[in-house]
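Trainee: Sequence:
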Amino acid sequence: VEATSVTPFSARAIDRGLAGITVALARLGCDRLTAPKQAIAISQERQNIQFVVDTISQRAAHHNIELSKEEAEAERLHLRTAVIDLLDDWEFLAAEKQGKLQYQQEVGDAPPLLYDCLDPELFKQSFRAQKFKAQRSLRDVEKSVNLWIERPDGKDFGGES
Numbered sequence: 014v015e016a017t018s019v020t021p022f023s024a025r026a027i028d029r030g031l032a033g034i035t036v037a038l039a040r041l042g043c044d045r046l047t048a049p050k051q052a053i054a055i056s057q058e059r060q061n062i063q064f065v066v067d068t069i070s071q072r073a074a075h076h077n078i079e080l081s082k083e084e085a086e087a088e089r090l091h092l093r094t095a096v097i098d099l100l101d102d103w104e105f106l107a108a109e110k111q112g113k114l115q116y117q118q119e120v121g122d123a124p125p126l127l128y129d130c131l132d133p134e135l136f137k138q139s140f141r142a143q144k145f146k147a148q149r150s151l152r153d154v155e156k157s158v159n160l161w162i163e164r165p166d167g168k169d170f171g172g173e174s
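Going by the numbering used here, the first residue of the sequence shown is number 14, and it counts up by one from there.
Simulated from the structure, these hints should not be mistaken for laboratory data. Incorrect hints may have been included.
Using C-beta positions, here's what the derived DEER-type ranges look like [unchecked claim]:
id, residue 1, residue 2, range
1, Lys137, Asp101, 17 to 23 Å
2, Thr47, His91, 16 to 22 Å
3, Ala54, Ile78, 34 to 40 Å
4, Gln60, Val120, 41 to 47 Å
Simulated pairs of lysine-lysine, DSSO-like, Cα-Cα distance not exceeding 27 Å [what the hints assert, rightly or not]:
id, residue 1, residue 2
5, Lys50, Lys137
6, Lys113, Lys144
7, Lys144, Lys50
8, Lys110, Lys137
9, Lys50, Lys113
10, Lys144, Lys110
11, Lys110, Lys50
12, Lys137, Lys113
Treat the numbers as computed from the prediction; the structure is a model and nothing was measured. Cβ coordinates follow ideal geometry from the N, Cα and C atoms, glycine included.
From just these sequences and the hints, can you work out the full model?
Mentor: Printed below as a string of C-alpha cells:
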C-alpha cells in the first residue's frame, strides 16, 4: 500500500511533491542551476525558468478529462500561483543566504534549499523554507504507526499483541 495518494494534483500530492518537482524542473531545464551549489543562482535565472510555471500549470489543467473547462482553468491558475509563490520564496531564501545555498546538504557548509519531509531541521526553518520539503521516495513519507485490532466484544483475536 502506498502512503502517498497516486491521484495527480490532489491536495496531498501537491503538498508533498510540488516543491521537489518545481526545483527539479528548474534545475534540469536551466544549465546554470544544475550544479549542487547553484540553487543560489535563482535570481539571475528567474526569467529563464518561466517554463517551469507553464509546464506544471498546463499539466494540471489537462490531467483530468472529467473536469469542465472552468474547473480545469481554475486548477491551472491555482497551480500557476503555487509555483510562482515557490519560485518567489526560493529567490527570497537565496537572497537571505547571502551567496550560499545548495539543493541538499551535499557539498561544504552552504545551507540546503530542500529538506526531507521528516527532517527535524526542517521544522526549525522559516515558514518560507518549510515549503521546500521533498521526499526521496514516494513510499516512505509518513511516520510509521502502530495498529491494534480489538474485537467489539473485547475478546482477544488469539494473535500477537
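Trainee: Now tell me if each hint is right for this structure.
Mentor: Verification of the hints:
no., hint, in the structure
1, Lys137 <-> Asp101: 17 to 23 Å, "22 Å, holds"
2, Thr47 <-> His91: 16 to 22 Å, "29 Å, violated"
3, Ala54 <-> Ile78: 34 to 40 Å, "38 Å, holds"
4, Gln60 <-> Val120: 41 to 47 Å, "27 Å, violated"
5, Lys50 <-> Lys137, "22 Å, holds"
6, Lys113 <-> Lys144, "19 Å, holds"
7, Lys144 <-> Lys50, "19 Å, holds"
8, Lys110 <-> Lys137, "15 Å, holds"
9, Lys50 <-> Lys113, "7 Å, holds"
10, Lys144 <-> Lys110, "16 Å, holds"
11, Lys110 <-> Lys50, "12 Å, holds"
12, Lys137 <-> Lys113, "18 Å, holds"
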